[in-house]
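A.B. asks: Single-letter residue listing:
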Amino acid sequence: MERPRHQGMAKNTYMRWRLPLVCLLWEVAMIVLFGVFVRFSPEADAHWEEEKQEMNLTSDMENDFYFRYPSFQDVHVMIFVGFGFLMTFLKRYGFGAVGFNFLLAAFGIQWALLMQGWFHSFKSGKILIGVENLINADFCVGSVCIAFGAILGKTSPIQLLVMTLFQVTLFAVNEYILLNLLHVKDAGGSMTIHTFGAYFGLTVTRILYRPNLEQSKDKQGSVYHSDLFAMIGTLYLWMYWPSFNSAISDHGDAQHRAAINTYCSLAACVLTTMAFSSMLQKKGKLDMVHIQNATLAGGVAVGTSAEMMLTPYGSLIVGFICGIVSTVGYVYLTPFLESRLHIQDTCGIHNLHAMPGLIGGIVGAITAAAATEDVYGKEGFIKAFDFTGAYQTRTPSVQGGFQAAGIVVSLLMAFAGGAIVGAILKLPIWGDAAAENCFEDDIYWEVPEDEESDAYHMHNPDKPASP
Amino acid sequence: MERPRHQGMAKNTYMRWRLPLVCLLWEVAMIVLFGVFVRFSPEADAHWEEEKQEMNLTSDMENDFYFRYPSFQDVHVMIFVGFGFLMTFLKRYGFGAVGFNFLLAAFGIQWALLMQGWFHSFKSGKILIGVENLINADFCVGSVCIAFGAILGKTSPIQLLVMTLFQVTLFAVNEYILLNLLHVKDAGGSMTIHTFGAYFGLTVTRILYRPNLEQSKDKQGSVYHSDLFAMIGTLYLWMYWPSFNSAISDHGDAQHRAAINTYCSLAACVLTTMAFSSMLQKKGKLDMVHIQNATLAGGVAVGTSAEMMLTPYGSLIVGFICGIVSTVGYVYLTPFLESRLHIQDTCGIHNLHAMPGLIGGIVGAITAAAATEDVYGKEGFIKAFDFTGAYQTRTPSVQGGFQAAGIVVSLLMAFAGGAIVGAILKLPIWGDAAAENCFEDDIYWEVPEDEESDAYHMHNPDKPASP
Amino acid sequence: MERPRHQGMAKNTYMRWRLPLVCLLWEVAMIVLFGVFVRFSPEADAHWEEEKQEMNLTSDMENDFYFRYPSFQDVHVMIFVGFGFLMTFLKRYGFGAVGFNFLLAAFGIQWALLMQGWFHSFKSGKILIGVENLINADFCVGSVCIAFGAILGKTSPIQLLVMTLFQVTLFAVNEYILLNLLHVKDAGGSMTIHTFGAYFGLTVTRILYRPNLEQSKDKQGSVYHSDLFAMIGTLYLWMYWPSFNSAISDHGDAQHRAAINTYCSLAACVLTTMAFSSMLQKKGKLDMVHIQNATLAGGVAVGTSAEMMLTPYGSLIVGFICGIVSTVGYVYLTPFLESRLHIQDTCGIHNLHAMPGLIGGIVGAITAAAATEDVYGKEGFIKAFDFTGAYQTRTPSVQGGFQAAGIVVSLLMAFAGGAIVGAILKLPIWGDAAAENCFEDDIYWEVPEDEESDAYHMHNPDKPASP
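Protein chains in written order, with the numbering used here: chain A, 1 to 467; chain B, 1 to 467; chain C, 1 to 467.
The hints are simulated quantities; they were obtained by calculation from the structure and are not laboratory data. Bear in mind that the values here come from a model prediction, so they are computed numbers and not experimental data. Hints may contain errors.
With a Cα cut of at most 25 Å, we get these calculated SDA-like pairs of lysine to any residue [what the hints assert, rightly or not]: (1) C/378 - A/59; (2) C/282 - A/16; (3) B/283 - C/26; (4) C/219 - A/449; (5) B/283 - C/17; (6) A/52 - C/56; (7) B/383 - C/415; (8) B/219 - C/448.
One chain only, chain A, in its complex shape (with noise of 0.2 Å):
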């Protein structure tokens, strides 16, 4: 109950000027360049008037906004509710969860719009924004808040913000790999997004492991209301994630079919979920920690190949596979990588995000490889992997070979970006807190007197502790 006041003993995790210089240093910056790079797509432009009669649409329904906004919605509430509430469940660190979750989103978004569009949205000097391309910042800053599930409560918010601006920049380049030269189908981020951002944040965990973490152990679980917190996070995730995995996937049938598939594999997922959490416990109950987790791996595991024809079916195998390792890994391997390998993940990203993406990764080479003109149709085929132009030759077996390639990059990309920023954020300047004060909101946010504390100590008015 009573929470420990020592603010920073051996550590000094006074924000006052640090913080407020990096956040108005850095959106001075983002300010800078939006004004010479970025300006409105020509859908998003006025001009579009004119657009609209050059290209002979004859509807305003034909512009991308009404194809993709809907779903730009919920992938929204998903980076912003989802992931900020499913990382609640921690008893003390419900406003560092939601709060940084928030700020290092709201910075991320930003930079990657800058990012990706120099990437992919660059025209005669300026990028070219549109719905699209939120939607993409979301994805973007969705591999950040992975990362930060493994590090969560450990952190300062300056750490989050530098791991923010780094894995950004990196996730664009692996995305520019990926998608630009290896020609690689990803609409759902198996690899991009989670692959990636789980590793990523495992490397930076394991190089920021703290030894003495069991000093701040009693605040590592979840007390009753805050699991019941962490449900809004997981439902949020687990009900839009059909349009996080068909929201940039080409108009028509591909968002369509994206969407179906998601929803079978995560469905199929909760059912081996609960199964695995019954039976992996000696008393047979069921653990929150898997149902806020596990199944949401369904989700994962289809992002490469949810807009490919995997099918009802395929998709339900893939949910099934997936909510059973997801779990054993909670029950086993966590324990495991924290004291064998030293890698302390607070969420258990390594069995949520991690796996779940290797396996999408997976899922993804195999359906690329076994595409058939006879399953696609002639010019189906063609659309659904794009093989036009450069590409016009590449047959589904190389196609899977390159996906494939794009798991190994994924991975590389993870472990060396991982090492290396995790590194930067080991530097003792960046305000983190002592071993003991970690999973506690009190380091960095003024924190109400409970009620339950006041009815304590109306209780004893005149005596501090014990009766």
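Starting from the structure of chain A, add chains B and C where the hints point.
C.D. replies: Here is chains B and C on its own, set in the frame of chain A:
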């Protein structure tokens, strides 16, 4: 504060092998059945490029995905967050409310895709699914979530899965009789979802009557924050209900109209709920139970008629009446049903779904019977009631009669089905808890030690209970 | 812990007959007025089949429903969950925050449909409503929710209903003056919603000044979990604000652009809010009050200009400034307003809505005045400012002048209206609570005994209060 730690005193609530077995076997069955039967609808299939040309569609926008996906996502939120959180009002059953709702809905939507698919989307040996199937599956599961409300806190997860299996099956049969054989309109499911689901659940809970339930009476109430969690559920149901009632209506004016009618009915319902909540209480204070539930009755009661020319003022009248009926039900009818008829209805679904569902069916019948070509326009009239083919000569009054017949059929299916399923659930093999352990998460869930409880123990470190 | 049990010591807060009477009479009035005046717009009417042919529309997609319904649902969530939960930050006023917001908004949207309908959708004696009317009704009620923030915890539900009745009326008049007489653009409502709503509410709370409010000061703070509930409100407002500002813009590029500008402004606002929240606190810690509120100021401040060619970097600048202004306001201005000007502003709407609303009006005037055919394109220029008919010859600088006049009119309407309505609300017949009972749900709600309180009593089963 001190939660009972006796796991299943008289009864064996050990889930370790039973729950996993059911989940895994059933999910395998889903995979096999999906493998044999389920494929993408033409609009979600990669062949759509060719289909589009054959159908002379000039825009991807004509894909049904864009007409229905935003509504689908709203409905999805209603099922998982809406129903899930609505039931978190109990002080110690939040995990069960959200978690079991998650489990049964995730299973139910898969089985519903199959059951409804065989009846409605079966073509040359395959079930072809698109976004409308996803909505219908969510709808079908909605009726199970309703029934869950009656038995909330008193059943094991296995019982819930068994009930889901049977109820989804019966729902699909009932729906087929109404929509196909009786040619009844029921886009928002006043009859198929609410009347059927509620009376089914009430029959089940009647058969599962627990004479000693007052042993767990202290846990049947709410605490301050659990009531706020429940309001999340309430508000999402309330806000998205216009999407629910318009989700599968005809494209264009019908969807538009259904949303407006539902919006109006729900608004009126809030005012009469507040009025009667205050009026029926001696101290004149508002009761959260009413606000959480009766405010939604207006959405239930225009489920059949919302897509018809009910008109905004007609909707207000329906909402006005239902707020009253539902609130009065909570105050007078629920205690009566429990004490006299031995119907223990945890969430009061009789007030929120059963009575408003019946009203909705009746309002639908009247609205249909009162339809004229003048009000609908010649083409609109035919389109609204689908008076084509074999039904070319059906008149509004005949349609009204069939609508009324639909209510009766739904009731009969609910009573008969509920009785059989209730009897099955009464078998002593499903692991339900003893009466004194009802409404308690600790039986089926790993529950974290609460902060307050820590405080309590801190206070008396060496003494077990009283000072 | 022990909540005050004296219901209305000096004052009579008994609601039993007054609240029901107001709710029922007003709802009956709504039914009568809707019956006389409200019908479906052509796009929601069953005659649309014929309409479509007359208008040569080839697709149901051309129905305005599909252009606006997703945005409408987002706005709906903002009004009911966004505003409702934002105000749950108070430790003992969560029911009142969510519940009274629900009540006033449900009444307000009906009355707004009528008031706005008479001004804007009145054709041959009928108000024809479609999805755009629903959005506008939600917008109008948004201004009441804002004003509610100033008087939160200090008023009875009847006072709130009375205020809603008058404020909606005045809103509609002010909106008519701005949009129709001054031909001002204000799609996101910086002037009509935020400036008007906030200064109206501030005037009301000034007139209702309670000199002894410090008697309930202990209840004016938050507890840990109430701050997390409030973050649900914050995040939904933040995420869906792009939908708010684009919901009623012209189809196509204008909606697209409004969403992008708002997204950018809000992102920048988060960073400067965090910076100043830390900087202005001695210990450098972040304050939840700022994160919950000031992060939203960026959305308010682009309410007028978002649909114009503000450009992404322009939006960043606006957001940058507003995060600072709003946070500084919370730290320095709110205490000043309370102590010197006797303006007791519970939620700090002056910082979140009033000042950013003014900034938004000014930014809109400047952006309009700076518009050129070069930037907008010839047709885009005319379309963006609707320089047609009587306004064919209006120039951008004249438009800028009228925009500025719109701010002044909104302010005058707010002050005058707020003064009158405040005076009415001061009458001693509405059942508001005594100063020591403010910010306390127990006055108007049945409040459950809390678990913690149980624990407390368990502890001392025979003694009433002190050990």
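A.B. asks: Hint compliance check: list the failing hint numbers for this structure, sorted ascending.
C.D. replies: 7
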